[in-house]
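The task is simple: from the sequences and hints, build the whole structure.
Here our numbering is used: the first residue of the sequence shown is 362, the next is one more, and so on.
Be aware that one or more of the hints could be misleading.
Cut-off 27 Å, straight-line C-alpha distance, at most; resulting in silico cross-link-like pairs (BS3-like, lysine-lysine) [to be verified]: (1) 392 x 381; (2) 396 x 381; (3) 506 x 381.
Source of the hints: derived by calculation from the structure; they are not laboratory data.
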Amino acid sequence: MTKATTSEPAAPQGRTLVVKVSEELRSQIAKGRYKTGDRLPSEAQLTQEFGVSRTVVREAIASLRSDSLVEPRQGAGVFVLEPAPVERRPFHNVDLARVSSLIEMLELRTAVEGDAAGLAAIRRSPAQEEKIIEAFDAFRASAAKGMPTAEADFAFHLAVAEATNNPRFSEFLQVLGPTVIPRRAVAQNGTETVLSPADLDRLVGEHEAILIAIQDGDEDAARSAMRHHLKSSQTRYRAMLRAPR
Numbered sequence: 362m363t364k365a366t367t368s369e370p371a372a373p374q375g376r377t378l379v380v381k382v383s384e385e386l387r388s389q390i391a392k393g394r395y396k397t398g399d400r401l402p403s404e405a406q407l408t409q410e411f412g413v414s415r416t417v418v419r420e421a422i423a424s425l426r427s428d429s430l431v432e433p434r435q436g437a438g439v440f441v442l443e444p445a446p447v448e449r450r451p452f453h454n455v456d457l458a459r460v461s462s463l464i465e466m467l468e469l470r471t472a473v474e475g476d477a478a479g480l481a482a483i484r485r486s487p488a489q490e491e492k493i494i495e496a497f498d499a500f501r502a503s504a505a506k507g508m509p510t511a512e513a514d515f516a517f518h519l520a521v522a523e524a525t526n527n528p529r530f531s532e533f534l535q536v537l538g539p540t541v542i543p544r545r546a547v548a549q550n551g552t553e554t555v556l557s558p559a560d561l562d563r564l565v566g567e568h569e570a571i572l573i574a575i576q577d578g579d580e581d582a583a584r585s586a587m588r589h590h591l592k593s594s595q596t597r598y599r600a601m602l603r604a605p606r
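Set out below in structure tokens:
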């Protein structure tokens with residue numbers, strides 16, 4: 362029986378909204394909606410367009426600026442810069458539309474996140490444990506309502522990584538981003554693959570087992586539960602790879 366609370370799901374994480382807005386602006390720049398030299402819409406206009414706070418918009422713009430995609434000019438606005446030469450960055454050449462690439466990433470995640478769950482079980486603070494519980498509650502609630510669960514799934518894994526109190530684990534997941542959740546990666550038009558009620562129940566159970574082991578402070582059980590969860594995903598996608606085309 363789970364030790365998780367029955368509180369209402371937590372509000373969407375601000376960091377997730379920042380990623381969402383920054384990725385959408387990157388996409389618009391890449392597709393030519395905003396060309397080199399163009400001024401982006403004002404902060405107020407972007408706030409209205411994306412339905413987010415000014416703080417989220419500012420952080421999203423800061424993310425674009427850090428990658429030299431835009432340049433704020435005092436009193437004039439934010440302008441699109443000439444694209445820099447493409448550099449090969451870690452994981453940015455992974456084609457997540459290919460099942461074989463998904464399996465590669467799941468194998469890597471199994472190795473990294475297995476130990477992350479184990480460390481979270483013995484290092485988590487009360488606040489970090491609460492954040493994991495809130496992420497699980499949000500995931501379970503979305504699944505129960507038949508709503509998309511990929512973002513809540515990613516938030517759960519990120520909360521576990523943060524609870525290791527080793528920032529490299531959460532940095533690793535943030536580099537991969539929420540699109541590494543397989544059912545979103547294999548979907549079309551930015552949506553996510555619809556899972557059957559049985560599959561959703563199984564995923565909720567797997568996440569719950571991870572949560573309970575962390576709450577119990579059981580390092581070995583937490584590591585095992587996370588590895589079982591990600592290895593189960595590997596098995597499902599290997600079956601897809603073998604299926605007749």
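Here is how each hint holds up against the structure:
{"no.": "1", "hint": "392 x 381", "verdict": "16 Å, holds"}
{"no.": "2", "hint": "396 x 381", "verdict": "20 Å, holds"}
{"no.": "3", "hint": "506 x 381", "verdict": "22 Å, holds"}
Checked against the numbered hints given earlier, this structure breaks none of them.
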